[in-house]
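Trainee: Chain order of the listed sequences is X and S.
Okay, so the first sequence: first residue is 1 according to our numbering, each after it adds one.
Okay, so the second sequence: first residue is 1001 according to our numbering, each after it adds one.
Misleading hints may appear alongside valid ones.
Chain S side only, calculated, beta carbon under 7 Å to chain X, not exhaustive [stated by the list, open to error]:
| hint | residue |
| --- | --- |
| 1 | F1028 |
| 2 | Y1108 |
| 3 | T1111 |
| 4 | D1209 |
| 5 | T1211 |
| 6 | C1212 |
Taking CB as the label site, the calculated pair distances span [to be verified]:
| hint | chain 1 | residue 1 | chain 2 | residue 2 | range |
| --- | --- | --- | --- | --- | --- |
| 7 | S | P1092 | X | Q133 | 39 to 47 Å |
| 8 | X | Q133 | S | G1066 | 21 to 29 Å |
| 9 | S | F1147 | X | H154 | 36 to 44 Å |
| 10 | X | A157 | S | G1066 | 44 to 52 Å |
Quick caveat, the hints were computed from the structure, so don't treat them as lab data.
Beta carbons: idealized from backbone N, C-alpha and C, even for Gly.
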Amino acid sequence: MKRILLAFAVLVLGSLPRQAVPQQTHQHPPSAVIDGSVHPELIPDLTAYRLWFVTVSHGPNATGAELKHQAAQLSRTLLNADDQTIVIGILTSFKTQYLSLINSYNKVATVAWAKGESPNAADFKLQRDQIVQSTYNSLKTSLSASGWATLDAHVKAEKRFMRLSQGEVAQ
Amino acid sequence: MKRLIWSSVLGIGLLAVSQTRVLAQSCFTFTDDYGTYTSISYDGTNIYTSVTVDGSGSMNITGGQGCSGINYSSAQHIPQAVNIIAAPGGSPYVGGEQAGTGECPDCYVSTTNNQSIAASSSGDYQFTWDGSVDCTFAGAIYGTGGFNLIGIHHATYEFASFLNGSECSYNQNCPNGNSAAVCGVGTVYAHTAQDCTFSYMIDRRITIDGTCFPVGSAYMSNSPVNCD
């Protein structure tokens, strides 16, 4: 009996979160994930732009801390000050459209799920990608030629810090 | 002894939960469509990191044996982004886990965990990150994580020559020897007449796992600094 109780105790202690902070990660499912640091060529450009836009953009009511964070992220692109200002404006518009689309879709999807139905995910992803593509086009036409080349190179280089599930790659 | 009994009760509970998850997972199929991006930057004072989880899944209920009676309507998918930056040696540290809004299994989720820490070139900072999506029925359905070492490095460049009226070049010249510069690049350029009046340009770069990255954080000075 003691042996069984001890086994349970070991099981429980092993499942408790550890105190050392850097250990605060999850046990992950065995689903395949594309690692951009190993295979950047497997990450589509549009997906890379979407993840970069989502991460660097803020809504119109961004806090001072959020703007400082964004300034540091944009500084890493090596864009000049004028081009950075243009990027901020375009990304603010992106964030507003992106969140609005997600909110609308989730309302529809939640109702559909409750009824046992499926939402039109393909149509949603088409609209999502259109927002990303139009943001990309705005940046390309609004930035200086050298600024656009610099930004494009930066975002593509950032693929090394991206991970995608297989489903995302297969789109 | 009491503690052991409590532990055993808790252990039985955990087993029961995991059993439910195994059962639930056999009752449906799932396609995940998620992405994670980690961003690292530096502004001369702070290191900034972001962890984004963005995407959606598609869940089809197969309704196999033993699946009847399960109420799937309450199932939710919750994105989680772990972002922790620790100073050299592990302390102090900032950040932790941030859970986004739970949404229905076919919904789209997106969350970003931003953190920053005051930083100097005294050693490598530890960036621990993790992006995942948890299903309240099936447990973790997507996840990826990692660990990066971030270093801050300086290099001094001395004025060399004018290229034209408003641009000039600076050559690496570290007071403590050029070999001390981890991220030195030989020659750098200033692009305004005002900047070209200074004797030195001090360039700051970061290393991520030993690879140098410019961060657009150089400044002009009339005094050199030791390279590192």
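Trainee: Are the hints correct? Go through all of them and say.
Mentor: Do the hints match the structure? See the list:
Because the closest C-beta pair between F1028/S and chain X is about 12 Å apart, greater than 7 Å, the hint is violated. With a cut of 7 Å, the hint placing Y1108/S at the interface with chain X holds, because the nearest CB-to-CB distance is about 5 Å. Interface hint status for T1111/S: violated, as the beta-carbon distance to the closest one in chain X is roughly 10 Å, over 7 Å. A hinted interface residue such as D1209/S counts as satisfied when its beta carbon comes closer than 7 Å to some beta carbon of chain X; here the least separation is about 9 Å, so the hint is violated.
Because the closest C-beta pair between T1211/S and chain X is about 9 Å apart, greater than 7 Å, the hint is violated. The beta carbon of C1212/S comes no nearer than 12 Å to any beta carbon in chain X, farther than 7 Å, and the hint placing it at the interface is violated. Restraint check, P1092/S to Q133/X: a C-beta distance of roughly 42 Å satisfies the suggested window 39 to 47 Å. Under the hint 21 to 29 Å, the C-beta atoms of Q133/X and G1066/S, about 45 Å apart, miss the expected range.
At about 23 Å, the beta-carbon gap between F1147/S and H154/X misses the expected band of 36 to 44 Å. Range check, A157/X to G1066/S: about 49 Å between beta-carbon atoms, so the 44 to 52 Å window is met.
In this structure, the hints that do not hold are numbers 1, 3, 4, 5, 6, 8 and 9, in rising order.
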